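*Asks:* Letter by letter, the chains look like this.
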Amino acid sequence: AQSVAQPEDQVNVAEGNPLTVKCTYSVSGNPYLFWYVQYPNRGLQFLLKYITGDNLVKGSYGFEAEFNKSQTSFHLKKPSALVSDSALYFCAAEGGFKTIFGAGTRLFVKA
Amino acid sequence: DGGITQSPKYLFRKEGQNVTLSCEQNLNHDAMYWYRQDPGQGLRLIYYSQIVNDFQKGDIAEGYSVSREKKESFPLTVTSAQKNPTAFYLCASSMDLFLPGAEAFFGQGTRLTVV
Numbered sequence: 001a002q003s004v005a006q007p008e009d010q011v012n013v014a015e016g017n018p019l020t021v022k023c024t025y026s027v028s029g030n031p032y033l034f035w036y037v038q039y040p041n042r043g044l045q046f047l048l049k050y051i052t053g054d055n056l057v058k059g060s061y062g063f064e065a066e067f068n069k070s071q072t073s074f075h076l077k078k079p080s081a082l083v084s085d086s087a088l089y090f091c092a093a094e095g096g097f098k099t100i101f102g103a104g105t106r107l108f109v110k111a
Numbered sequence: 001d002g003g004i005t006q007s008p009k010y011l012f013r014k015e016g017q018n019v020t021l022s023c024e025q026n027l028n029h030d031a032m033y034w035y036r037q038d039p040g041q042g043l044r045l046i047y048y049s050q051i052v053n054d055f056q057k058g059d060i061a062e063g064y065s066v067s068r069e070k071k072e073s074f075p076l077t078v079t080s081a082q083k084n085p086t087a088f089y090l091c092a093s094s095m096d097l098f099l100p101g102a103e104a105f106f107g108q109g110t111r112l113t114v115v
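Order-wise, the sequence lines are chains P and D. So the first sequence is numbered by our numbering: it starts at 1 and just counts up by one. So the second sequence is numbered by our numbering: it starts at 1 and just counts up by one.
If you're looking for bench data, these hints aren't it; they were derived computationally from the structure. One thing to keep in mind: the hints can contain errors.
Calculated pairs, BS3-like style, for lysine-lysine (alpha carbon to alpha carbon, straight line, at most 27 Å) [unchecked claim]:
hint : chain 1 : residue 1 : chain 2 : residue 2
1    : P       : 22        : P       : 69
2    : D       : 57        : D       : 14
3    : D       : 70        : D       : 57
4    : D       : 83        : D       : 57
5    : P       : 98        : P       : 77
6    : D       : 70        : D       : 9
7    : D       : 71        : P       : 98
8    : D       : 83        : P       : 49
9    : D       : 71        : D       : 9
10   : D       : 14        : P       : 49
11   : P       : 58        : P       : 22
12   : D       : 71        : D       : 57
13   : P       : 98        : D       : 14
14   : P       : 69        : P       : 110
15   : D       : 57        : P       : 98
Okay, the calculated bits of chain P under chain D, using three or more residues with CB under 8 Å as the criterion [as the list claims (entries may be wrong)]:
hint : segment
16   : 13-22
17   : 53-66
18   : 70-84
As the structure is a prediction and not an experimental result, all values here were calculated from the model. Where is the CB? At the ideal position from N, CA and C, for every residue including glycine.
Kindly produce the complete structure, drawing on both the sequences and the hints.
*Replies:* In structure tokens form, the structure reads like this:
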């Protein structure tokens, strides 16, 4: 079965430190991978996606993600976290015309 | 501004009632989706539609119904057959269901509570 796993329910990081939110996937064929962010009581906002090409993808608000085919991972990263980055982050993978979402990881950035 | 509008933001349903959640988009997207979000479970697909007058069941369609009479509109009805409807409902659209790698645009969500 196709799936997306986000192994951490919550990630805590101090402002100014680098952050990583982990994601692994299991989909058939070439994966199309996405990261979305959700602020409280709001819809999801698209951050970035991997289709093909360079394994390091840059997106909105200074976020980037690294695609690793051998580890079937697509971790979200940011060199220097901001308090305003605190939100719920979803990894998603496209498989068979359907998008499969992970359970989400709550990022808490402490000032 | 282009986007997706969901209404109402908050909705309360009595036992045995049907309620309808509105979703309108002005992005000229072909594909539209309804997701249900529960804490710790991510998003689960309820229904999706690629064209007017055509829609497909997602993973958790039981107790829900939809219509797609206009390209811009994709309302979701939560029927009395849905035994646990309390959740946050998200409507989304994308350019084309069959366009690989097309990101989704989401509405602000409707929080439905059974009272």
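*Asks:* All hints are to be evaluated individually against the structure, with a verdict given for each.
*Replies:* Hint check:
The hinted pair formed by residue 22(P) and residue 69(P) meets the criterion: a straight-line CA distance of about 14 Å does not exceed 27 Å. For the suggested pair residue 57(D) and residue 14(D), the alpha carbons sit about 25 Å apart, so the restraint of at most 27 Å is met. A threshold of 27 Å between alpha carbons decides the hint, and for residue 70(D) with residue 57(D) the separation of about 18 Å falls inside it, so the pair holds. A hinted pair counts as satisfied when its Cα atoms are at most 27 Å apart, and residue 83(D) with residue 57(D) qualifies at roughly 18 Å.
Taking the CA atoms of residue 98(P) and residue 77(P), the gap is near 25 Å; set against the 27 Å cutoff, the hint holds. Restraint check for residue 70(D) and residue 9(D): the C-alpha separation of about 22 Å stays at or below 27 Å, so the hint holds. Restraint check for residue 71(D) and residue 98(P): satisfied, since their Cα atoms lie roughly 20 Å apart, inside the 27 Å limit. A C-alpha spacing of about 36 Å is found between residue 83(D) and residue 49(P), which places the hinted pair above 27 Å, so the restraint is violated.
At most 27 Å may separate the alpha-carbon atoms for a hinted pair to count; residue 71(D) and residue 9(D) meet this at roughly 22 Å. With a C-alpha separation of about 41 Å, the suggested pairing of residue 14(D) with residue 49(P) is violated against the 27 Å cut-off. For the hint linking residue 58(P) to residue 22(P), the alpha-carbon distance of about 16 Å falls within 27 Å, and the restraint holds. For the suggested pair residue 71(D) and residue 57(D), the alpha carbons sit about 18 Å apart, so the restraint of at most 27 Å is met.
Only pairs whose Cα atoms come within 27 Å are accepted, and residue 98(P) paired with residue 14(D) is rejected, the gap being roughly 33 Å. For a cut-off of 27 Å, the pair hint linking residue 69(P) to residue 110(P) is broken: about 32 Å separates their Cα positions. For the hint pairing residue 57(D) with residue 98(P), the CA-to-CA distance comes to about 12 Å; that is within 27 Å, so the pair holds. With 0 residues carrying a beta carbon less than 8 Å from a beta carbon of chain D, the segment 13-22 of chain P misses the three-residue requirement, and the given coverage is violated.
Evaluation of the coverage hint for the segment 53-66 of chain P: breached, as 0 residues show C-beta separations to chain D shorter than 8 Å, against a requirement of three. Under a criterion of three residues with beta carbons nearer than 8 Å to beta carbons of chain D, the stated coverage of the segment 70-84 of chain P fails, only 0 such residues being counted.
Hints 8, 10, 13, 14, 16, 17 and 18 from the list above are not met by this structure, while the remaining hints are.
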